[in-house]
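Chemist: Kindly produce the complete structure, drawing on both the sequences and the hints.
Chains A and B, in that order, are what the protein sequence lines are.
Terminal number for the first sequence in the working numbering: 1039, no gaps in between.
Terminal number for the second sequence in the working numbering: 961, no gaps in between.
Accuracy of the hints is not assured; some may be wrong.
Claimed, not checked - According to the in silico footprint, chain A covers these stretches of chain B (three or more CB under 8 Å from chain A):
id, stretch
1, 693 to 706
2, 754 to 760
Stated by the list, open to error - Capping the alpha-carbon separation at 20 Å, the derived lysine to aspartate or glutamate pairs in DMTMM-like fashion look like this:
id, chain 1, residue 1, chain 2, residue 2
3, B, LYS882, A, GLU982
4, B, LYS871, A, GLU982
5, B, LYS882, A, ASP979
6, B, LYS871, A, ASP895
7, B, LYS780, B, ASP762
8, A, LYS802, A, ASP814
Just so you know, the hints here were simulated from the structure itself, not pulled from any lab data.
Where is the CB? At the ideal position from N, CA and C, for every residue including glycine.
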Amino acid sequence: MMLQPVISMDSPGTAPAPAPALEVSNLTVEFPTKRGVLTAIDDVSMRIEPGEILGVVGESGAGKSITGLAVLGLLESPGRITGGKIHVGGRRVDTLGEDELTKVRGREMGAIFQDPLTALNPLFSIGAQLVETIRRHTDLGKEAARARALQLLREVGIPAPDERLKQYPHQFSGGMRQRVVIALALAAEPGLIIADEPTTALDVSIQAQITALLRRLCKEHRTGIMLVTHDMGVIAETADRVAVMYSGRVVETGRVEDVIHNPQHPYTRGLMAAIPSLHDRVETLTQIDGSMPRLNARPDGCAFNPRCPNAGPRCRRDRPDLVTAGPSLAACFLHEGGTQ
Amino acid sequence: MTQADLILSIDHVSKEFDVSAPWLNRMLERKPKLFVKAVDDVSFSIPRGSCFSIVGESGCGKSTVARLVTGLYSTSGGQITFGRGDAGRPVRVQMIFQDPQSSLNPRWRVGDIIAEPIREMKLRKTADETRDRVEELLRIVGLAADDATKYPHEFSGGQRQRISIARALASEPELLVCDEPTSALDVSVQAQILNLMRRLQLELGLTYLFISHDLSVVRHMSDMIAVMYLGRIVEMAPAEKLFTDPQHPYSKLLLGTIPDIHVPNRDREVQNGEPPSPLSPPTGCAFHPRCPLATERCSKEAPQLRAAGRSMVSCHAVQKGLATIPARRQD
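Modeler: Written as structure tokens, this is what we have:
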């Protein structure tokens, strides 16, 4: 299936430019613990336009999933947003109460998680779950909601949707379940979808089907998608732009091609070189020694400085912010007057 | 290659699991006994000092092969033969598991975890010698000697996998069976572990049986690769050959669908279909419902693994195309 090219919908003189699907500015998330406050997300900003896929990539513990959960308002206690703003489709959501948030969640933002089996209720048929979600977020009646459910299943590529509607989650394979979860996320035509590791539990041949589906839906429905994953390959094939996270901060962001082929931050450079190539075999892989610091043992200055080949005294003293670096933005003093 | 160089040979090995319903249910609901053929007639051999990898999607039987080799499962049929180790004793085999979190005892100090095989197999005479050996092993895998007094939870994922490797090396094995050793690790840490494993292979002359679903990792590590689908090997070829010139349609599908950061394939043709359930595998060639080359013969007759150039391929279409017999019967 060929993907549709992105066509700009607004011609001059008509409606004003639509609000970004997601705008996160200076978000900080903290977890108060007995031994002090842990900062999981530290001053993170990102923006997703309608019809755009932003890949958020990083190693485990980098804060990528927490960012997604913060946007959805699903941070688990004691985690809390202590700074910054989140706008979804132009509307501020981080200040909403639980009741209002429940309405916004599902209608204006959908979620797709890693494990489709835990995202579906095993006791209800797929049809019942879809119809419930559709009726909760739209004004459709029972029959219309059923018709919409059928249409959604067809759209996410489930064969024989009439029969599938009556079946239960355990009767679906992993890939088909993830398609159902995507259909659920799309039920109310939200402007933003948070997809947290949507293909990690799936085999490669199924993974390719799901990423292609996400791309098609994103372009057809003009939905903004935040694709959270640790897999650079998935990002390369799916996302338009990418934000690389390290220890709670965005260290580099830019267009996917630029970040992969011309990485600006030493961490991104190391990460790209550490991925074994499918094309040529090398004797030893480039490795980044050490591992990401734990939240309670983050070094002063740039969190990457103990592992960084270019670190200087300034990196151990001050914390770099995102600045223009080649075609992208990177948080590194190499692009801001040196590390001395 | 002479027979003496083989460290492991596996001949027509099969493994069936009984997944029948409980006896009472079978009686009441008149259900027959149910078996899953997790591994079906698999044969391969590994020359000393090389790395043989098995790739495939979940449920293809690759981990079952690893467990058969290490004796964690007994075979349902076929034969596993080990070569000779040092001083004529049988080859020693050790295994590295995917998840170092669950394969290390959280209540034991690292030193005891690594010393256990040494004590058990009486490889060192005194406690002092054992301690020296543990410290040496820790240094070999890139940890510090005083890490022996710590507990596993004090280490990161990558360091824990280093401990697993040190424990595996403690019994001085010739063959290491590695079941997804880096799948639980982050990319930058994965590179550290892969580099360590390559270095150990060269320095200690180890042989690896490497199980993974990650083709780029497999390509980095392997000399020979076997691709498994639903319990059978569909293609077996030298690493370079498999990646540059895959023969079997399933190998092509697998190589075509892995996301590649250097050559992203955004507009690719997505092949539909999913691996069928191993409970009711398709007749004939198990891949035929998804195969673009499938003919009627494929649904009736299971192909055998046959040499095709430098590869071994189990596919009627490939074998037919490469066959030199001029007259083709009309079916």
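Chemist: If a hint holds in the structure, say so; if it doesn't, say that too.
Modeler: Okay, the hints, checked on the actual structure:
no., hint, result
1, 693 to 706, "violated (count 0)"
2, 754 to 760, "violated (count 0)"
3, B:LYS882 x A:GLU982, "26 Å, violated"
4, B:LYS871 x A:GLU982, "18 Å, holds"
5, B:LYS882 x A:ASP979, "18 Å, holds"
6, B:LYS871 x A:ASP895, "36 Å, violated"
7, B:LYS780 x B:ASP762, "16 Å, holds"
8, A:LYS802 x A:ASP814, "24 Å, violated"
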